[in-house]
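Engineer: Residue numbers (the working numbering): 1 to 263.
If you're looking for bench data, these hints aren't it; they were derived computationally from the structure. You can trust all of the hints, since none of them are fake.
Subject to a maximum C-alpha distance of 25 Å in a straight line, what follows is the list of computed BS3-like cross-link-like pairs (lysine-lysine): (1) K247 to K194; (2) K161 to K194; (3) K161 to K192; (4) K61 to K238; (5) K98 to K161; (6) K161 to K198; (7) K194 to K133; (8) K68 to K47.
Simulated restraints on C-beta separations: (9) D66 to F244: 26 to 34 Å; (10) T246 to T125: 25 to 33 Å; (11) D259 to A44: 35 to 43 Å; (12) A174 to T228: 40 to 48 Å; (13) A79 to A157: 28 to 36 Å.
These numbers were taken from a predicted model, which means no experiment stands behind them. C-beta: ideal position from N, C-alpha, C; glycine also.
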Amino acid sequence: MRVFKAILISGALALGSLTAAISHAAEINVGANIGNVPWEFQDANGKMVGFEIDLMTEVGKRLGMDVKFTNIPFAGLFAAVQSGQIDAAVSSITITKKRLESVSFAQPYYDSDQSLTVKSDSGITGLAGMAGKTVGVDTGSTGDIWTTAHQAETKIATINKYEGLQPAMLDLQAGRIDGYISDIPALLYYSKDKPQFKVVERIKTTEQYSVMFAKDAPLAAKVNDVITALKKDGTLAKIHETWFGTKPDEGLATATVLDMPKL
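Whole structure, please, built from the sequences with the hints as guidance.
Structural biologist: Below is the structure:
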């Protein structure tokens, strides 16, 4: 009897472990820098919303998987996917050759550039007006990389680094920085109902955003296939219209099926 009970208990434990494994496998843990308007942020009720929240929620739905969002500072997303702490990452992450050496991306779903945002009454009309001044960037972002690489050329005196748009814009409002260099869609969205701020220059960088994964992670190809389907059936265009007020232009990444990026 004791042997039989032991077998039953052992079998129950094994079944429980299998159930737990299946349950774990049915969830995608997505890292995101919450506060990155309009990609992922909290609304007035504390609900997590945004373009990439809608995108990854739809991806999970079509894969039959629950999606869990984990708030991680932008610079920490890279180590988090590489270590397996998260399964994927979003936060208007630009695909670059350097990044492709250590991580993988699904096909791009948005074309973008950087931008300079200032206070409307600052008198600054572009990068030429930033000589000798202080600019804010997001730590580890392409805005950070571009500004650091062009600091001598632009004569920017100081580069302050932030973990997301909100703290940078608070410092801009308070006069602790003179300008903020970051992704243009986020700043156009953020400043559209805030006349105290103005996007004064588009900085051409021809960036494309996508979902980031550990290098050669099998999930990357699965998510890539879903993004293809979302482009073909118009779902991604609807998400774009929700957050930017217009359908994506023909030929841009949001409306065009593309290959997964490779080195």
